[in-house]
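> In case you want the letters, here they are:
2 protein chains.
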Amino acid sequence: MPTYNGKTPEPVVNSTAKRIRETKYRHVFATHSQPRNSCLSHDAAKTPSFVGFRNLMILVLIVSNLRLMIENFRKYGVLICIHCHDYRRQDVVYGLILYLSVPCHLFIAYLIELAAASHAKLATARMKKAGEEHDTPAKQEQARRSFNITWRVVAFFHGINATLNLIIATSVVYSHIHHPGIGTLCELHAVIVWLKTCSYAFTNRDLRHAHLHPSQAQPLPDIYASCPYPRNINYKNLCYFWWAPTLIYQPVYPRTSHIRWGFVFRRLLELVGLSIVIWIASAQYAAPLLQNSLDKVLVLDFISIAERVMKLSTISVFCWLCGFFALFQSALNALAEVMRFGDREFYGDWWNVSSVRTYWTSWNKPVTNFMRRHIYSPLVGRGWHPAAAQITVFIISGILHELLVGVPTHNVLGVAFAGMMFQIPLIAITDMLQKWKGIDGKTAGNLIFWISFCLVGQPLAALLYFFAWQAKYGSVSKQWQESNALNNALHLQFLRR
Amino acid sequence: MPTYNGKTPEPVVNSTAKRIRETKYRHVFATHSQPRNSCLSHDAAKTPSFVGFRNLMILVLIVSNLRLMIENFRKYGVLICIHCHDYRRQDVVYGLILYLSVPCHLFIAYLIELAAASHAKLATARMKKAGEEHDTPAKQEQARRSFNITWRVVAFFHGINATLNLIIATSVVYSHIHHPGIGTLCELHAVIVWLKTCSYAFTNRDLRHAHLHPSQAQPLPDIYASCPYPRNINYKNLCYFWWAPTLIYQPVYPRTSHIRWGFVFRRLLELVGLSIVIWIASAQYAAPLLQNSLDKVLVLDFISIAERVMKLSTISVFCWLCGFFALFQSALNALAEVMRFGDREFYGDWWNVSSVRTYWTSWNKPVTNFMRRHIYSPLVGRGWHPAAAQITVFIISGILHELLVGVPTHNVLGVAFAGMMFQIPLIAITDMLQKWKGIDGKTAGNLIFWISFCLVGQPLAALLYFFAWQAKYGSVSKQWQESNALNNALHLQFLRR
Numbered sequence: 001m002p003t004y005n006g007k008t009p010e011p012v013v014n015s016t017a018k019r020i021r022e023t024k025y026r027h028v029f030a031t032h033s034q035p036r037n038s039c040l041s042h043d044a045a046k047t048p049s050f051v052g053f054r055n056l057m058i059l060v061l062i063v064s065n066l067r068l069m070i071e072n073f074r075k076y077g078v079l080i081c082i083h084c085h086d087y088r089r090q091d092v093v094y095g096l097i098l099y100l101s102v103p104c105h106l107f108i109a110y111l112i113e114l115a116a117a118s119h120a121k122l123a124t125a126r127m128k129k130a131g132e133e134h135d136t137p138a139k140q141e142q143a144r145r146s147f148n149i150t151w152r153v154v155a156f157f158h159g160i161n162a163t164l165n166l167i168i169a170t171s172v173v174y175s176h177i178h179h180p181g182i183g184t185l186c187e188l189h190a191v192i193v194w195l196k197t198c199s200y201a202f203t204n205r206d207l208r209h210a211h212l213h214p215s216q217a218q219p220l221p222d223i224y225a226s227c228p229y230p231r232n233i234n235y236k237n238l239c240y241f242w243w244a245p246t247l248i249y250q251p252v253y254p255r256t257s258h259i260r261w262g263f264v265f266r267r268l269l270e271l272v273g274l275s276i277v278i279w280i281a282s283a284q285y286a287a288p289l290l291q292n293s294l295d296k297v298l299v300l301d302f303i304s305i306a307e308r309v310m311k312l313s314t315i316s317v318f319c320w321l322c323g324f325f326a327l328f329q330s331a332l333n334a335l336a337e338v339m340r341f342g343d344r345e346f347y348g349d350w351w352n353v354s355s356v357r358t359y360w361t362s363w364n365k366p367v368t369n370f371m372r373r374h375i376y377s378p379l380v381g382r383g384w385h386p387a388a389a390q391i392t393v394f395i396i397s398g399i400l401h402e403l404l405v406g407v408p409t410h411n412v413l414g415v416a417f418a419g420m421m422f423q424i425p426l427i428a429i430t431d432m433l434q435k436w437k438g439i440d441g442k443t444a445g446n447l448i449f450w451i452s453f454c455l456v457g458q459p460l461a462a463l464l465y466f467f468a469w470q471a472k473y474g475s476v477s478k479q480w481q482e483s484n485a486l487n488n489a490l491h492l493q494f495l496r497r
Numbered sequence: 498m499p500t501y502n503g504k505t506p507e508p509v510v511n512s513t514a515k516r517i518r519e520t521k522y523r524h525v526f527a528t529h530s531q532p533r534n535s536c537l538s539h540d541a542a543k544t545p546s547f548v549g550f551r552n553l554m555i556l557v558l559i560v561s562n563l564r565l566m567i568e569n570f571r572k573y574g575v576l577i578c579i580h581c582h583d584y585r586r587q588d589v590v591y592g593l594i595l596y597l598s599v600p601c602h603l604f605i606a607y608l609i610e611l612a613a614a615s616h617a618k619l620a621t622a623r624m625k626k627a628g629e630e631h632d633t634p635a636k637q638e639q640a641r642r643s644f645n646i647t648w649r650v651v652a653f654f655h656g657i658n659a660t661l662n663l664i665i666a667t668s669v670v671y672s673h674i675h676h677p678g679i680g681t682l683c684e685l686h687a688v689i690v691w692l693k694t695c696s697y698a699f700t701n702r703d704l705r706h707a708h709l710h711p712s713q714a715q716p717l718p719d720i721y722a723s724c725p726y727p728r729n730i731n732y733k734n735l736c737y738f739w740w741a742p743t744l745i746y747q748p749v750y751p752r753t754s755h756i757r758w759g760f761v762f763r764r765l766l767e768l769v770g771l772s773i774v775i776w777i778a779s780a781q782y783a784a785p786l787l788q789n790s791l792d793k794v795l796v797l798d799f800i801s802i803a804e805r806v807m808k809l810s811t812i813s814v815f816c817w818l819c820g821f822f823a824l825f826q827s828a829l830n831a832l833a834e835v836m837r838f839g840d841r842e843f844y845g846d847w848w849n850v851s852s853v854r855t856y857w858t859s860w861n862k863p864v865t866n867f868m869r870r871h872i873y874s875p876l877v878g879r880g881w882h883p884a885a886a887q888i889t890v891f892i893i894s895g896i897l898h899e900l901l902v903g904v905p906t907h908n909v910l911g912v913a914f915a916g917m918m919f920q921i922p923l924i925a926i927t928d929m930l931q932k933w934k935g936i937d938g939k940t941a942g943n944l945i946f947w948i949s950f951c952l953v954g955q956p957l958a959a960l961l962y963f964f965a966w967q968a969k970y971g972s973v974s975k976q977w978q979e980s981n982a983l984n985n986a987l988h989l990q991f992l993r994r
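Residue numbers (our numbering), protein chains in the order written: chain A, 1 to 497; chain B, 498 to 994.
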């Protein structure tokens, strides 16, 4: 490119003519020199990237929800109030009692196992005395019978203990704890301890069997070698299992070398921050939305219900994601760090799932691991068809979901149970989609998962339980009536003066 | 896995004991066998994919906008009305006159070039007669002077012709066409023809120079060889340029072999479909939104204005994307196909741009090509600093934008011009971002582009021009007052009875 060469500028005409001689003709450049296609055409050589539209979507989502927040603030003002929480003294008392009493069932299970272990020690001693003759068929039969009789007794006590745990907690929550939040925490605690008790009993049963039949037994996992049965039946080992972030009992877990307190602190900070965010989202945005959906549900105005569910879905999916991160990433990682628990795989990348089946096996690994180890795998081992074993797992999971949602809200509607049962045909559909040709089965499956679970299932279920709660107790509508009556009374007094 | 082996089932206790001997211990499987990290932790070996969240975003966007559509319908009913279009007969008449008269300026340019070409032919003939002596310095000087005198005359007539085109169209639109839609179409047509006229004049000037100075001239593009100057100055060639989807004159363009009418039909179908979508979006969603923003702009309630702009931004970005696709993909491709025009690169993948500069050079290639060939490149060729040449291009582009927006809305506010000028500091910022380390400059630049252009710039500009229109004419507010007055009158009559 020519530039001024330091000389004083010549008169325009001459200098122009000169430069035109020096340079290419600027105005004749052949911009259109070859055939080319528009990049969005089907004829285009390659599809362009659309990563910019992802950024635009993020921005539009942020902006449109910011707008809704302004609108909400204009309409309702600040609804968040720390002192307004309406819970009864009785709820807190019963909640505390349950908090202290529920873990006792784990200790009762420990005592049962202690008795079984001492029985097993005696049996081993007897066998050693009798020498190595226990390999004869008659001895084997005798040993098996003896083991089975002991197991029946042990299983009976474990069954009574575990069932009592669930029954007591459930009936106290249903009858004596009005506040649904406190109730949910108590019920969740009871279910977790119940699952841990079951795992403790089942695992020790197999360990005991292996201990009693060393020659027939298949090798146990290498990791258990440092703490063989019955040495694992001790108080310290149980307490570790009590607090470990898992529902599966193992005599030995992979452990980390030390506690990183900075890591724990950051996770707890996340937990607190996210809890506040969820609280604000539900108090300021979800609560009025649920409140003004009630009359629509009452008259079954389906278009309005759809509109409310659509608005609720954004908030519910937001709260769900925050809650997932707070619980499975922040809380469980903090707990694992404090317990020096090595295996932190509490979830997989469930947000990418292309089949609803994969979602249920990856979003909540502690429960999945429990179901696989103590229900699915033993059932298949007994010769069940895998599909039947899977359906059994879903039925048990559905019952637990209903316990966790229906009991604290005092409305055992069966919606949570039905929701879990509804997963079975959905799994069939998304599994089928993967095999179809001509469509992007992965994306289609992922969309079905998001729509069914987060955009329809959750907000609809929340709305139904909220409506049932209001129909049964009507606390807020009563408050409204009372405040209206008060206003009217004041108004009358004012008019009389 | 063991399955039933066809034998009749044995009693439960025995068969269980047997199978336990046959299979692994199901309940002792070491689920937690090695240390693992949560996949969202910083410690995780690899970051998981988040493609599922992209799908969720798309769904949330669709659902939340569907909800807004239900809300809009509840509030306003159907606002779309085919017979209600309010345009004056005069607007249509003036529009038609402009539609027919504007292209005449292109034909006047043709006549000017025809005269110049015949003058050039005479000069060539004279030179041939004089033999090959025109290479002496004296002859060269004489030839250059003769060329420059001719060019000044030609440029004078071209200048008058092109300027008259813009002035006539602009003044007719501003003074006689009230309807902003018809006005915009007329002004756009005039600007396109103006650009084509300029390109025709500039290109032929360089071609003529090359023709007159064959020994000094640098080689012309190969593609022009099939139609050398002055053979290109003919009626058919001009008509092709008139309708070709480009603003750049070339004697020869890359062409396709035949017209695929199926392709044309599909593009036209897209064009019609998208036009209807844009019409519905603006009549049903944008119009009431703009309407009920007026009082907020009047009292300068900034939070409410921000809320309105946020709501408007989604619709405006939607209409913008549809409009872009309709014009640059569907319409121009259909026109190119009919004209057998080979170079279909009407746009680049501007949605991914990381710098505002790249956006302006890739979203509208016809104008970019014109600016680069006839303004930027000649200015740089004359020794201008590239930045100065760029700013000049933006100033000219700003003036054209103001003509296209300000004149048809009868409010030359300078907002469109200011918007173009505002791009210059934005370009500096996004260019700087690319060089920063520690941040993802590409994503940051892309976000700045979307925010500045689609989420703030466009809706704010639309709101300002709409407000200015209403302040000047107040057609809708008058209608409201009239309909209110009518209602009141009817009400009074009813009461009197």
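No wet-lab data here; the hints were simulated from the structure. Wrong hints could be hidden among the right ones.
Straight-line Cα separation of at most 20 Å, EDC-like style, residue types lysine to aspartate or glutamate; simulated pairs [as the list claims (entries may be wrong)]:
(1) A/Lys46 / B/Asp846
(2) A/Lys46 / B/Glu842
(3) A/Lys75 / B/Asp798
(4) A/Lys75 / A/Asp295
(5) B/Lys543 / A/Asp295
Distance windows between CB atoms, simulated [claimed, not checked]:
(6) A/Asn292 / B/Leu597: 54 to 62 Å
(7) A/Lys46 / B/Ile559: 38 to 46 Å
(8) B/Leu563 / A/Trp261: 42 to 50 Å
(9) A/Asp301 / B/Trp817: 47 to 55 Å
Virtual Cβ for every residue (Gly too), placed ideally from N, Cα, C.
> Which hint numbers doesn't this structure obey?
Violated hints: 5, 7 and 9; rest satisfied.
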